[in-house]
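Asks: The sequence shown begins at 1 in UniProt numbering and counts up one residue at a time.
Since the hints were derived computationally from the structure, they do not count as laboratory data.
C-beta atoms are modelled at their ideal positions from N, C-alpha and C, and glycine is treated no differently.
The reader is advised that the hints may include incorrect statements.
[As the list claims (entries may be wrong)] Here are the computed distance ranges between Cβ atoms for each label pair: (1) Lys85 <-> Lys206: 42 to 52 Å; (2) Ser233 <-> Ser160: 18 to 28 Å; (3) Glu204 <-> Pro150: 14 to 24 Å; (4) Lys220 <-> Asp11: 13 to 23 Å; (5) Ala95 <-> Met28: 19 to 29 Å; (6) Asp293 <-> Arg100: 42 to 52 Å; (7) Ser233 <-> Lys294: 13 to 23 Å; (8) Ala168 <-> Pro6: 45 to 55 Å; (9) Thr138 <-> Gln164: 32 to 42 Å; (10) Arg143 <-> Ile291: 31 to 41 Å; (11) Thr138 <-> Arg269: 19 to 29 Å; (12) Arg269 <-> Glu292: 15 to 25 Å; (13) Glu282 <-> Glu204: 17 to 27 Å.
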Amino acid sequence: RMSIPPYTLVDEGSDLLWKTFQNQIRDMNWTLDDNIGLKLLPILPTTRCVFARKNEDGSFLGCVVWNEYDEMAFIGFYIVRPDLKKRGLGSKIWARAMERIRPTKRIIGLRAYPEMAPYYAAKDTPVETSRLRSNILTCAEMREFCGKYPTSSGTLVLVSQMTQEQRADILRFNVEITGRDRSDLLLRFLSSPIFEGVALINQEGKIFAFAGITTFGFAKDNFFKLAPVYASSLSEFATLIAALIPYCEKISLDSKIIVHILTGTVGERELEPLLGNPQDVELVTLFSSNIEDKFNVNVCYSPHNSCCHYDA
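Generate coordinates for the entire structure from the input sequences, incorporating the hints supplied.
Replies: In structure tokens form, the structure reads like this:
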């Protein structure tokens, strides 16, 4: 058994700690965490962290990373180095994180694997609000799916070709759907070179449906995550996603697209039964108490699901 080397708990991350953390997340093949979110975590003003840093060389042993905004502290990550699991290090890091979160009086949120959910529920987060499942499709499979539906009305505009006014309208539309002002995060997404989005715009020039896509995992894997898709029909969903497929194929014809499905949404009712290729992974959304949720579940085909600022 590997013993825990001498370490220090620190409330900020060095470049080495953040880089090792990001690569460990990619190594674990977690499909939740896109590369923009991982890149933004060290620089977002809402990010809080506790790292276990090895005294000898300053290297990464484990961490809890969360973001504080609105009424909540949402814990995106709780990991230790694989060879140090079940040694008691994780509970020390967790205890330090809770020491910092609890005095803020914020509602604590997280997403957990089902086998770990009872553990978290018994400790700090007993309220289950939803579950998150996923489907993975190749670009060819996604194009075939989208081809089954008529093209939606409205003008289709890619984010990369939008005016400043149209980009600003994405922020308005997002507040309308989520009930949260996520502008700081969204502006960073919209300006990222590894993000593309597309909107349907009505005759008054207002956005009425929106989808985004970005990468996750290592570059060699050619994996993309839809994040988010807010629309009013499968036709709108198909019209939006068909416009994003070329962005994925430009990077690789072997690209795969992951679609996250949130229980209680139109995505669960209408989209999930049709997609095929479900993944054998389900994540449980837990909170320390009930949250006031203004999110419009009837237009969510796939949530943004960013640890940096919760949408649903």
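Asks: Compare the structure with each hint and give your call.
Replies: Against the structure, the hints come out as follows:
1. Lys85 <-> Lys206: 42 to 52 Å: holds, 50 Å
2. Ser233 <-> Ser160: 18 to 28 Å: Holds, at about 25 Å.
3. Glu204 <-> Pro150: 14 to 24 Å: Between Glu204 and Pro150, where Cβ atoms are some 22 Å apart, the hint holds.
4. Lys220 <-> Asp11: 13 to 23 Å: Violated, at about 34 Å.
5. Ala95 <-> Met28: 19 to 29 Å: Holds, since Ala95 and Met28 (Cβ atoms, about 23 Å apart) stay within the stated range.
6. Asp293 <-> Arg100: 42 to 52 Å: violated, 25 Å
7. Ser233 <-> Lys294: 13 to 23 Å: With Cβ atoms ~22 Å apart, the hint holds.
8. Ala168 <-> Pro6: 45 to 55 Å: holds, 51 Å
9. Thr138 <-> Gln164: 32 to 42 Å: Holds, at about 35 Å.
10. Arg143 <-> Ile291: 31 to 41 Å: Since Arg143 and Ile291 have Cβ atoms about 37 Å apart, the given range 31 to 41 Å holds.
11. Thr138 <-> Arg269: 19 to 29 Å: About 24 Å separates the Cβ atoms of Thr138 and Arg269, which means 19 to 29 Å holds.
12. Arg269 <-> Glu292: 15 to 25 Å: Cβ of Arg269 to Cβ of Glu292: about 23 Å, so the range 15 to 25 Å holds.
13. Glu282 <-> Glu204: 17 to 27 Å: violated, 40 Å
The structure fails to meet hints 4, 6 and 13 from the earlier list, while all remaining hints are met.
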